[in-house]
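Enquirer: Order-wise, the sequence lines are chains A and B. Position one of the first sequence corresponds to residue 7 (our numbering), numbered consecutively onward. Position one of the second sequence corresponds to residue 7 (our numbering), numbered consecutively onward.
FYI, nobody ran anything at the bench for these hints, they're computed from the structure. In this text the structure is predicted, and so the values were computed from the model without any measurement. Hints are supplied without guarantee of correctness; some may be wrong.
In this list, chains with the same sequence are indistinguishable; a pair is considered to hold if it fits within one copy or across any two.
[To be verified] Lysine-lysine pairs mimicking DSSO-like chemistry, simulated, CA-CA at most 27 Å apart:
{"#": "1", "residue 1": "50", "residue 2": "328"}
{"#": "2", "residue 1": "137", "residue 2": "328"}
{"#": "3", "residue 1": "328", "residue 2": "229"}
{"#": "4", "residue 1": "180", "residue 2": "114"}
{"#": "5", "residue 1": "180", "residue 2": "328"}
{"#": "6", "residue 1": "114", "residue 2": "50"}
{"#": "7", "residue 1": "180", "residue 2": "229"}
{"#": "8", "residue 1": "180", "residue 2": "137"}
{"#": "9", "residue 1": "114", "residue 2": "229"}
{"#": "10", "residue 1": "180", "residue 2": "50"}
{"#": "11", "residue 1": "229", "residue 2": "137"}
{"#": "12", "residue 1": "137", "residue 2": "114"}
Number of protein chains: 2
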Amino acid sequence: MPKSALAFDLLAADGHARAGLIHTPHGQIPTPVFMPVGTQATVKAMSPRDLRDVGATIILGNTYHLYLRPGDERIARLGGLHAFMGWDGPILTDSGGYQVFSLAQRRKIDADGVTFRSHIDGSEHRFTPEKVVAIQENLGADLIVCLDECAPANDYDYNVQALARTHAWAQRCKAAKTRTDQALFGVVQGGVFPDLREQSARFLTDMGFDGYAIGGLSVGETKEQMHASLEVVTPILPADQPRYLMGVGTPGDLIECVARGVDMFDCVLPTRTARNGSALTRTGRINLRNARFADDADPIEPGCTCYACTHFSRAYVRHLTKANEILGHHLLTVHNLHLLLTIAREMREAVLEGHFQAYREAFWQTCGQPAVNLA
Amino acid sequence: MPKSALAFDLLAADGHARAGLIHTPHGQIPTPVFMPVGTQATVKAMSPRDLRDVGATIILGNTYHLYLRPGDERIARLGGLHAFMGWDGPILTDSGGYQVFSLAQRRKIDADGVTFRSHIDGSEHRFTPEKVVAIQENLGADLIVCLDECAPANDYDYNVQALARTHAWAQRCKAAKTRTDQALFGVVQGGVFPDLREQSARFLTDMGFDGYAIGGLSVGETKEQMHASLEVVTPILPADQPRYLMGVGTPGDLIECVARGVDMFDCVLPTRTARNGSALTRTGRINLRNARFADDADPIEPGCTCYACTHFSRAYVRHLTKANEILGHHLLTVHNLHLLLTIAREMREAVLEGHFQAYREAFWQTCGQPAVNLA
């Protein structure tokens, strides 16, 4: 694999929690970081300037979706994903594996790759490790991810087979990579099984990647199982490279997983719940469609400094969601992303200042819920 | 009627075209002006800061919609429409009459008012002139409008009856008004019939209002009929008060109606066409869903300075519209509103500098279409 453009400075650690700085061709990413999900070359209901305004430093694009529509070759012709979507900051593209296994139809997996039908028009397509790298090289993200298989978390025998494929595919992805300005992440799998997780972390670390994603979690297992997996995996991963937990999560998840050594997160939760009329807050989720907000002059979350909370009332946001107005989706998305991005920044400051544990305890006290495995 | 808060400075005229400045409690409105339509207390797909960014100086709210949801009394409790929707600039609310006659169900009109059923839940409601003024006083817009009846434009006998009601209701609205910080507009009706239009303009002018709306046009009549109506009406209206043509329109409509003495416009065209994937341009409308834009790296309208045109390609906007992404609606709305607001500003400058006719001719030359009744 050619030398990568990615560099990672580990600036401080506090327990297992870390504060760092990822350098990419499109700018720096302070970690811990939450990456808003831009599935179809747009973070839903947000413009690039809105994303800057809420504090986003990197966004995620979905390889599966962009390959199908508008097509990675078209995006390459139009100057790559950054130019296409007007976002000049860092971008990570996933491998498409998760969507193939969760969204595509009639998928058929073999040792060489996976054949599937588009969820849009039923057309047949095939992803191999080499194809997925080629697509991501066309898209041109700063951080790209190896094709992996996200297996059902509790099926041991299936996970053994899937892990063998994931590891073989990781080797092929690494061999297929040609661009020197993209950093490649391997994906640790292994379901809820500590022995498989350990095996995967060691195998990929021995191969050597620019960073390590942790997949197959937050897919239905318990919080305890998720935390136990992280506690096995992160001590094995190289300290001087970033760790990315895929598909997580809630404010509390971010804190508990940073406490277990994770640096990067993505999740559709803040954008998807926004479009369902719900706000994430430090004290839990609230649904603005609820009639109790009809005359509520308070902001979505009192004390929040986002555009939505500093300009509009719950009563107004409730009205917008009831009337199905786009601005309602937008304002709730602004708030939800702002909250997760703010919590990530706060955790970073806490680690840098050496009081992450106090921050973590204060969060759960505000939240009013017991932390899971806080010790 | 108490003395109104509205003052209008007629700064210049060039032919029948005028440049002016309306003073309201929430700021000044340079005219000619296009008012983006904020039906349900939001201009669809736009935040207040987006509206400022495209150059909006006043927006419109729909009394019918706001009365039904979230309710004018609720809005009053929450500080009025400006505070509720976070827009601190001038607002005009219409009378609700047009929506009752176009949107509500099972409407029954009588001399005293109109009974109708909500298009949302079928519940029964009644609008009288007094009720409509009370609703608009609850909403608290800077400019409010008398209840009128928008009759089928080509039915003479019906227009005679409707005009009698509209005039009687105008008198009752004027008498019912209690707030001194709101300006009241009468509505000239009369369909496509010059004698009725003249009668209406004289009747309302004799009564005396803060400004004059012209209703019942752009509802299916020909451009020639619309222009002929304006040519009858505007010379009768007081020169030192603003004239507002309701429900118009396209870039060309704005220019031709300013040429006939109109100062203010509103229309759902720029926002509605945006959500259908279409852009208004100086050379006509284009539908971004068209396959010919799939690889088009040009902006929506080359030369346009709006956020959408300075940051994104037609190919990207086409992708967003095909993928039904909210950002597509937003970017097209930004462009369409920016275009109409820019044309209104350009007309104002042309009038102030005394070359409106040259501006008008240049517009139609760029457009590539013959102007209607340009002389």
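Enquirer: Each hint needs a verdict: does it hold in this structure or not?
Expert: Results of checking the hints against the structure:
1. Both within a single protomer and between protomers do residue 50 and residue 328 lie at most 27 Å apart by alpha-carbon distance, with minima of 19 Å and 14 Å respectively.
2. Taking the closest pair of Cα atoms, residue 137 and residue 328 come within 27 Å of each other only across two copies (25 Å); inside a single copy the shortest separation is 44 Å, beyond that limit.
3. Neither within a single protomer nor between protomers do residue 328 and residue 229 lie at most 27 Å apart by alpha-carbon distance, with minima of 33 Å and 38 Å respectively.
4. For the homomeric pair residue 180 and residue 114, the shortest alpha-carbon distance inside one copy (23 Å) is at most 27 Å, but the shortest distance between copies (73 Å) is not.
5. Taking identical chains as interchangeable, the C-alpha atoms of residue 180 and residue 328 are never at most 27 Å apart, the minima being 49 Å within one chain and 34 Å between chains.
6. Taking the shortest Cα distances, residue 114 and residue 50 never come within 27 Å of each other, neither inside one copy (30 Å) nor across copies (43 Å).
7. When the C-alpha separation of residue 180 and residue 229 is checked against a cutoff of 27 Å, the pair qualifies neither within a copy, at 32 Å, nor between copies, at 66 Å.
8. Within a single copy, residue 180 and residue 137 get their C-alpha atoms as close as 12 Å, which meets the 27 Å cut-off; across copies the closest is 72 Å, which misses it.
9. For the homomeric pair residue 114 and residue 229, neither the shortest alpha-carbon distance inside one copy (31 Å) nor that between copies (61 Å) is at most 27 Å.
10. Proximity of residue 180 and residue 50 under a CA criterion of 27 Å is satisfied in neither setting, with 31 Å inside one chain copy and 47 Å between copies.
11. For a Cα distance limit of 27 Å, the shortest separation of residue 229 from residue 137 qualifies neither inside one copy, at 34 Å, nor across copies, at 57 Å.
12. For the homomeric pair residue 137 and residue 114, the shortest alpha-carbon distance inside one copy (16 Å) is at most 27 Å, but the shortest distance between copies (66 Å) is not.
In the structure shown, a violation is registered for the earlier hints numbered 3, 5, 6, 7, 9, 10, 11, in ascending order.
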